[in-house]
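J.: Here is how the chains run, residue by residue.
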Amino acid sequence: MNSPLVPGVPAQGHEPAARRPTDWKAASVQRRTRRRYAAERRFRLIGLAAVWLSAGFLALLLATMLWQGASGFRQTRIALPIDLAAARLAVTPAQLRERGANLALAGAGLEGVVDRAAVRAYGQHGADLLSDGAWLVVRDAIKRDPALLRRSTTLAVPVASAIDVAAKHDGAPRAEAIVARLQARGVLSTGWATGFLTTADSTDPTRVGIWGAFKGSLLTMLVTIGIAFPIGVLAALYLEEYAPRNRWTDLIEVSINNLAAVPSIIFGLLGLAVFLGTFHLPRSAPLVGGLTLALMTMPVIVIAGRNAIKAVPPSIRDAALAVGASPVQVVFDHVLPLALPGILTGTIIGMARALGETAPLLMIGMRAFIAAPPSRLTDPATVLPVQIFLWSDDVNRGFVEKTSAAIIVLLVFLLAMNGLAIYLRNRFETRW
Amino acid sequence: MSGLAIVFVVIGLALIGWLAARMRAATFRKPGVARFTALPVHYGYFVAMCAAIPPLLFLAVWSLTSPALVTDAVIATPAAAALPSPGFERASILSEARALAAGRSHGVFHALSGRLAPAYAAAQARYDWIATAVALLLAFVGGGMAFTRVRPDFAARTQVERGVMLLLLAASLIAILTTIGIVASLLYESGRFFSIVPIGEFLFGTHWSPQVIDPRDPGASLGAVPLFWGTFFIGAVIAMAVAIPFGLMSAIYLTQYAHARTRRWMKPVLEMLAGVPTVVYGYFAALTVAPAVRELALAIGIDNASSESALAAGAVMGIMIIPFVSSMADDSIAAVPASMRDGSLAMGATSSETIRKVILPAALPGVVGGILLAVSRAIGETMIVVMAASGVATLTANPFASTTTVTKQIVDLLTGEAEFDSAKTLAAFALGLTLFVITLALNVVALTVVKRYREAYE
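Each protein sequence line maps, in turn, to chains C and E.
Counting in my numbering, the first sequence runs from 0 upward without gaps.
Counting in my numbering, the second sequence runs from 900 upward without gaps.
Hints were generated in silico from the structure; no laboratory data involved.
Watch out, some of these pointers could steer you wrong.
As the list claims (entries may be wrong) - Label-pair distances were calculated between CB atoms; the ranges are: (1) C:58 - E:1197: 25 to 35 Å; (2) E:1197 - C:143: 46 to 56 Å; (3) E:1197 - C:35: 51 to 61 Å; (4) E:1242 - C:425: 31 to 41 Å; (5) E:1194 - C:143: 26 to 36 Å; (6) E:918 - C:241: 23 to 33 Å; (7) E:959 - C:309: 26 to 36 Å; (8) E:1198 - C:58: 18 to 28 Å.
Quick reminder that beta carbons are idealized off the backbone N, C-alpha and C, glycines included.
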């Protein structure tokens, strides 16, 4: 029995050389097995470490922001004894009940009264201890209770930024010394920074707030979703349900896939050149920001929409066609409602990305200092991420905690949006 | 009437047309008539469409052209004779007069704009009335003619559906228009740039310092090679050195080893890394990572360590990309047939040997495609480098030294106070064009690789 086809078999009619069974007990084999198992354990551990380290980066990031930002929601206040009766402000109780109360109090020189009270209480540099907005707290207290005008009282007013930093973290040596002295007198207290969520940008870190940026984000997102959602859904319907397979639809498909991967700053350049350069729309406006972000978000919605529409089984369409519905009726009355949860999930994810986007908005000028919340789509505005970017650039130490606090607010919104998307996906996930 | 008010009136008219047509069509249904070509609601939509679409299209075109018409009318008035010749000052006076006329501004900077404002208001009012009249006429004529066609034998459904199809087609064409818009605006502005600076000097010059541009030889300080190198170094070398091991090993662990419950929890946690806005990463890099990196470099004896090092920006960017690499690797590992894996295990190979010698080689094209996409994303990433990388362009391979990137320079060039037509601002568009071309090429190659590979096992 000769077989040249089977190698290793001796040719001269001998029995094939018997292969000795592996001796699993042999030292060399055992060593080899141990080594292989050790390699296996190592590999597995490396994998585990990669997962945990990646999650650890996230935890570190979140912890850093929380650690630094938590104090941004709080504010150091100083007890300010103030004798408003002695100051004899030229305001009548009737003025205080009207809408002009703020103007009347400002015109009556309340700011100077507050500064003088600080000097009386804390020495000749007393006024420097107070935040620029301290007199606003006194003003609001008077508006709440006009009886204050007739007596002396003690109000807790915000301190200047340097003192605030020194009271909460390590500040400049001089400020630290002042804080130690004030704490020894027991006049410092801490409270919620009430203005942080309700006011807009300012040059003084103790007076800044995110409401202006938040409102800008809201208006911008309104424009974005108002444009990107209908166009994205309609384009997805066309491409998935009606489009003939030809060169034109291929071109549309390729451009949509490419647009989804174009760097966001390129959309900023487009917005700058087209919306500002050609159409002369107003700079820094939520309208232009929303248009730019809509072009960026639309491909995401189209891609998510196509996947959701593709997942609707053909039997639904066939059944509708069979009872006499036209192709348009099939899609709008049957396919679209069934695909809507999937489309919404994709839309929310796209909107979350747009909400966190900064670079294209820098290009169209949304990095201006804007101290009033926008009230129209064409007003100058800024958005939350850009506000974070602007504050992060500020050399004033007081802005560090405000930046982190604004990041916390932004992250809360993004996590809520992503959580909603995951919830929707799980809630409406249909197994056909 | 203001623009928005006309739009609302037109929509209101369309709504009335919808109701009227629907009510009239409802009377067609008499006992004994078995078939209809359309439901009453289709007649309603048909009339509403005819009443609303022509005036809305007209208003869209009008809103683009009328500002120029108004300005022309103002310039024709005698008060405008004192205007300076075309240029920056003239434009600023005109825009101030426009703002004054619209009641958006209170103070006057140029005396002339105060005198021009009434002319502006008058011209604006005249053109607004023309727009209102034409829009309403179109709405009434369109709606009325459509209403006369509401008869039982009229196939309203077919007409409406033709309109719907046109709408769908228009929506999908916007993608193409956006692409064309990007390419055209980048090409146009870059063309203007390259008429000032030779393309060769821009692409191959090694000196980049746009702060001081010599007007006689602008190309000498606009050589982009250091930017390309910095972008490549931060985005493709350092970021990938972080993202590939972490992303790949996470994907392997989660698909091959992890308990189903761990996987269900860990995957969304890793995906959260991708959901954090880049401005937050940038802040994290600038505030926490960069000083730490600098301390580390000083500790190991590197004296030219920068607090805006390439390493800080690149490493944080790598962390941001981890979930991206991980999910691409996950997909391609999942696409490897189970029989290949089972065969290897049946031969007595350990899991890690199976992964390294069978699964990874089989999944390699997909993994490589995913990495290329990740590189494309890293080099287009802006905020991290804007906040953590330096603005000084240097050709260095030292990760502790400072480098700059294309995206960082685009932001720096366009957020200064320079006028729009200088070589400096136009250079940003040339950089944008380069970035667009490079990322596009990377995406196309990556998508082709991934696609071709997916088909191999199906």
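J.: Evaluate each hint against the coordinates.
T.: Status of each hint after checking the structure:
1. At about 27 Å, the CB distance of residue 58 of chain C to residue 1197 of chain E agrees with the hint of 25 to 35 Å.
2. For residue 1197 of chain E and residue 143 of chain C, the Cβ-Cβ distance of about 55 Å falls inside the hinted range of 46 to 56 Å, so the restraint holds.
3. Roughly 43 Å separates the CB atoms of residue 1197 of chain E and residue 35 of chain C, a value that falls outside the hinted 51 to 61 Å.
4. Under the hint 31 to 41 Å, the C-beta atoms of residue 1242 of chain E and residue 425 of chain C, about 36 Å apart, fit the expected range.
5. Taking 26 to 36 Å as the suggested C-beta distance range, the pair residue 1194 of chain E and residue 143 of chain C does not conform, at roughly 50 Å.
6. Remark: the range hint 23 to 33 Å for residue 918 of chain E to residue 241 of chain C is upheld by a beta-carbon distance near 30 Å.
7. Between residue 959 of chain E and residue 309 of chain C, the C-beta spacing of about 33 Å keeps the proposed range 26 to 36 Å intact.
8. For residue 1198 of chain E paired with residue 58 of chain C, a C-beta distance near 25 Å keeps the hint of 18 to 28 Å intact.
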